[in-house]
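Work from the hints to combine the two standalone chains into their complex.
So the sequence lines, in the order shown, correspond to chains A and B. Residue 1 is where the first sequence starts when you use this note's numbering, and the numbers rise one by one after that. Residue 1001 is where the second sequence starts when you use this note's numbering, and the numbers rise one by one after that.
Wrong hints could be hidden among the right ones.
To be verified - Sample of chain B residues facing chain A (criterion: CB under 7 angstroms; computed from the structure):
id: 1; residue: Q1041
id: 2; residue: G1042
id: 3; residue: P1043
id: 4; residue: F1065
id: 5; residue: F1074
id: 6; residue: T1104
id: 7; residue: T1106
id: 8; residue: P1111
id: 9; residue: G1112
Derived from the structure by calculation, the hints contain no laboratory data. As the structure is a computational prediction, the values presented were derived from the model and not from experiment. No residue lacks a Cβ here, since even glycine has one placed at the ideal position from N, Cα and C.
Below are the chains, spelled out letter by letter.
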Amino acid sequence: AQKVTQAQTEISVVEKEDVTLDCVYETRDTTYYLFWYKQPPSGELVFLIRRNSFDEQNEISGRYSWNFQKSTSSFNFTITASQVVDSAVYFCALYSGNTPLVFGKGTRLSVIA
Amino acid sequence: DTGVSQDPRHKITKRGQNVTFRCDPISEHNRLYWYRQTLGQGPEFLTYFQNEAQLEKSRLLSDRFSAERPKGSFSTLEIQRTEQGDSAMYLCASSSGLAGGGYTDTQYFGPGTRLTVL
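Extracted from the complex, chain B is given alone in its bound form (with noise of 0.2 angstroms):
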């Protein structure tokens, strides 16, 4: 069973730059949650979803911020009009869906994109 795949690893883009990132959780997990991560902190949660359905959103993700998961599997984080706050890792997560509730279950995390914004 491969584990959650992220893409691209790293990226460099210039302020006021759009870019996309891309989650692939574990294969038949139907839960996936997007992360942020700045230097000396620990992850803080940005969105959740179950299958296609979008549940949550942390308040952390500002109208800049949209993600998507179309068909239940992949899922995409793109980012608008980058500002230099937004230079972070981004975590993407995944569990399975039979612990019951949304965050009960263990989530699987993928290696993370990290972005540097000039």
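Extracted from the complex, chain A is given alone in its bound form (with noise of 0.2 angstroms):
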């Protein structure tokens, strides 16, 4: 069965401290796609990314960094100098086999000035 293992329930970190946010995930699918959703408190899911596990190789986008490692079934989420507008829930979800969406219990992020 799929299941997504978001282990730090909530962070806190000082402005400008770099953050990363762990995901570990479990499936048999040789196929997969993996996704990263924020969730502010307005309460709206915002979606950050989206990877097939074809595609190891990292990503950057800004202040967001993603590191895909199929070798111990991870996909970690690093914020470079947070900012307060981070603070959120981070929930990352796993699609395989054909069934739906399989979130994890998310991670609260806290971003004290």
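Dropping the structure here:
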């Protein structure tokens, strides 16, 4: 069965610090997709990235970067020079086996000014 | 291009009442999804439409829940005889359907409807 584990329930950092959010996934399929979403206090999930299992290249988008490692079944998310506006709950999600998206429980990030 | 919209944003109801939520997807997105999210959890899949066809339903969708997408555009989710355990955020998402299989598309979410059952 598909599973996503976000072991960090809550993280607090001081503004301008770097922070990494961990995501470990489980699937028996060789083809799968991984996603990260941000949920600010307003409640709407904001799409951040989609990555398929055949593309292990790490990705950088501004202050955001993602490290995909199939060997450890991880898809970690790093925010560089964090800002107060980054405070939110971040979800990692997995699609595989033609079943609906499975989300982790999320990591609540608090960035303190 | 406007995003996914949901109405109402908040709903308070008494146990036993029926409630209906509406979701308007991004225009021309032919796939629409409903999720439920309880406190401290990630979204849990409820059901999925491709155009007007409801293609999959989760076991979470008991017989008190019904979803429709009559013209392949907006969708409604109705909960009959609400129970306190139905209190949750109900999220709607849509996707373009261009990426192939049912769940490989990127899903774009609305702001959700927060339901409180007293």
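Identify whether the interface hint at B:Q1041 stands, where standing means a beta carbon of chain A within less than 7 angstroms of its own. Holds, about 6 angstroms.
Checking hints one by one. Is B:F1065 an interface residue toward chain A, by the C-beta closer than 7 angstroms rule? For B:F1065, the interface hint is violated, since the closest Cβ of chain A sits about 16 angstroms away, which is over 7 angstroms.
Should the interface hint for B:P1043 be scored as holding, given a Cβ-Cβ cut-off of 7 angstroms against chain A? 5 angstroms, holds
Cut-off 7 angstroms, beta-carbon criterion: hint that B:P1111 touches chain A: 4 angstroms, holds
Regarding the hint that B:T1106 lies at the interface with chain A, is the smallest CB-CB distance below 7 angstroms? Holds: closest Cβ of chain A sits about 5 angstroms from B:T1106, inside 7 angstroms.
Should the interface hint for B:T1104 be scored as holding, given a Cβ-Cβ cut-off of 7 angstroms against chain A? 6 angstroms, holds
Does the CB of B:G1042 sit less than 7 angstroms away from some CB of chain A? Holds: closest Cβ of chain A sits about 3 angstroms from B:G1042, inside 7 angstroms.
Would the hint on B:G1112 be counted as holding, given a Cβ-Cβ threshold of 7 angstroms to chain A? 5 angstroms, holds
Any CB of chain A closer than 7 angstroms to the CB of B:F1074? Violated, because the Cβ-Cβ distance from B:F1074 to chain A comes to roughly 18 angstroms (cut-off 7 angstroms).
Checked against the numbered hints above, the structure breaks hints 4 and 5 and satisfies the rest.
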